[in-house]
Amino acid sequence: MSKPEQNSKVTLEDLLRLKRTEKPAPEFWVNFEQELRQKQLTALVQKRRWWHEVPVLLNRRLYMPAGAAAIVAFTLVTVRYSTPTQMAQLVNTAPQIAAADPAVETLATTVVAGLDLEQSRHDMQTAPVAQAAVPVPVTQVASVDDREASPLPAQSELQSPPARSLIANLARLEQTEPDLANTVIGSRLSSPARVHTAAMSQSELAPVAHAAPSKYRLIARYVDRALSPEPSAPASIRERLARRLGEDLGDEISRIGVVGDRVSLKF
Amino acid sequence: MNLSKVFTKTAISTPERQQEADADLVVVRQVQAGDVAAFDRLIVKYRERVFGVVYNLVSNREDAADLAQDTFIKAFKAINRFQGGCSFFTWLYKIAVNTTLSHLRKNKMRTFFSLEKINEEGGNAQIIDHLTDKRGADRDTYLHELQEKLNEAMQKLSIPHRTVITLFEIDGLSHSEIAEVMDCSEGTVRSRLHYAKQFLQGELGKYLSS
Numbered sequence: 001m002s003k004p005e006q007n008s009k010v011t012l013e014d015l016l017r018l019k020r021t022e023k024p025a026p027e028f029w030v031n032f033e034q035e036l037r038q039k040q041l042t043a044l045v046q047k048r049r050w051w052h053e054v055p056v057l058l059n060r061r062l063y064m065p066a067g068a069a070a071i072v073a074f075t076l077v078t079v080r081y082s083t084p085t086q087m088a089q090l091v092n093t094a095p096q097i098a099a100a101d102p103a104v105e106t107l108a109t110t111v112v113a114g115l116d117l118e119q120s121r122h123d124m125q126t127a128p129v130a131q132a133a134v135p136v137p138v139t140q141v142a143s144v145d146d147r148e149a150s151p152l153p154a155q156s157e158l159q160s161p162p163a164r165s166l167i168a169n170l171a172r173l174e175q176t177e178p179d180l181a182n183t184v185i186g187s188r189l190s191s192p193a194r195v196h197t198a199a200m201s202q203s204e205l206a207p208v209a210h211a212a213p214s215k216y217r218l219i220a221r222y223v224d225r226a227l228s229p230e231p232s233a234p235a236s237i238r239e240r241l242a243r244r245l246g247e248d249l250g251d252e253i254s255r256i257g258v259v260g261d262r263v264s265l266k267f
Numbered sequence: 268m269n270l271s272k273v274f275t276k277t278a279i280s281t282p283e284r285q286q287e288a289d290a291d292l293v294v295v296r297q298v299q300a301g302d303v304a305a306f307d308r309l310i311v312k313y314r315e316r317v318f319g320v321v322y323n324l325v326s327n328r329e330d331a332a333d334l335a336q337d338t339f340i341k342a343f344k345a346i347n348r349f350q351g352g353c354s355f356f357t358w359l360y361k362i363a364v365n366t367t368l369s370h371l372r373k374n375k376m377r378t379f380f381s382l383e384k385i386n387e388e389g390g391n392a393q394i395i396d397h398l399t400d401k402r403g404a405d406r407d408t409y410l411h412e413l414q415e416k417l418n419e420a421m422q423k424l425s426i427p428h429r430t431v432i433t434l435f436e437i438d439g440l441s442h443s444e445i446a447e448v449m450d451c452s453e454g455t456v457r458s459r460l461h462y463a464k465q466f467l468q469g470e471l472g473k474y475l476s477s
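Protein chains in written order, with this note's numbering: chain X, 1 to 267; chain P, 268 to 477.
Any given hint could turn out to be false.
[Unchecked claim] Computed footprint of chain X on chain P, listed as stretches where at least three residues anywhere in the stretch have a Cβ under 8 Å from a Cβ of chain X:
1. 316-327
2. 333-344
3. 444-455
[Unchecked claim] Label pairs and their calculated CB-CB ranges:
4. X/P65 x P/P282: 39 to 49 Å
5. P/Q350 x X/P65: 18 to 28 Å
6. X/P65 x P/K416: 54 to 64 Å
7. X/K39 x P/R296: 19 to 29 Å
8. X/A68 x P/Q299: 21 to 31 Å
9. P/D396 x X/L44: 42 to 52 Å
Since the hints were derived computationally from the structure, they do not count as laboratory data.
From the three backbone atoms N, C-alpha and C, an ideal C-beta is built for every residue, glycine too.
So that you can see chain X by itself, here it is in the shape it has in the complex (with noise of 0.2 Å):
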């Protein structure tokens, strides 16, 4: 049937040439145009989904309105739900706190105890020094008069932890800065009650800051950082930098010279 051997200068080429004839008959248009006619019109009747409606949508040049409300909405799920995330952070490392030192009640454990968490980010913002200073010694803090020591509401337990620790590190403040502690914040937290309070509070930071873990170590190293006196420098050190200065004081006077009415300088 096939004669290959009597086909001469046939190329591939020309194979698929053949193919561009394979056409159908004019009266298959016919027929094709109907039928296209009748899924138009189908097509048209049909009820569009939604999710067809998207890139419509999308087209008519709402990428911008789409991306800033995307935006928008991102931000105001990350300001609404982050604090409350580090807290649940807090409160899953409460046991540890809890284990180093069992009179040290955290934060975190003060929120498991189910205080509102609205009023703590309320809190939180007005005081953000209060955020720094995690593990603080509720039990100290409780021990304070209530009604002298808060500007909140008085019953300290339904004060919020971060403005417990705020009180406590006012407390503090006033203790090691009572003339800044005045000017800043005023007459109405200096109660000796407080002060000491946050004595104590300070000291018994001091096991914490060797028992919990390091991150916990960090932060009770900050707090008493933040809140002690002026670092003074070592005996030593002071002895030599007044050295220092007299000398150079010494040398700065030797340079001038007063020879009757003329001032004379050296270089």
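Assemble the complex: chain X is given as a structure, and chain P must be docked to it using the hints.
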């Protein structure tokens, strides 16, 4: 407005294609403006070419008719999204090829031929004469056998290779136009074309001159 400046994305191969693209864009703008009947002109103009490319990919006239109709419906629905970044012809081909490829992937196992008759007019007659040794008795049978072998060999190619050789050898698109239709590089098109030709030469060796 200079319409040729609109076509920045596609390198249109010939001046004729450029003129054709300009004319198509005018009609497309009419359709976009609400003149729905203008789309019929585009259907009449391109139905054979669209049917041809689909038919050569699926080797089945009924499937090809359905897919060509689907192509025009999709194009009509999406006509407002056509911005003129490429020629309407390329855009329509792209829809046709994607619709066909989607159909082929869904129906990989179901392949049966339903072929159109080869038209012996023009220069094709000489080739057919060469192939059939000018003997009327065996001519039709031999031609039918050749057509089947050709389509079988085409169907043995992978879908991308089949698409490339169909668009290049049968529909006469340039490498750059094929690259745009298939969303790939020109290098890929050339490579696929080379491989497809090698494969077909192996399959159809006994019909080719040595």
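Which of the numbered hints are not met once you compare them with the structure shown? 3
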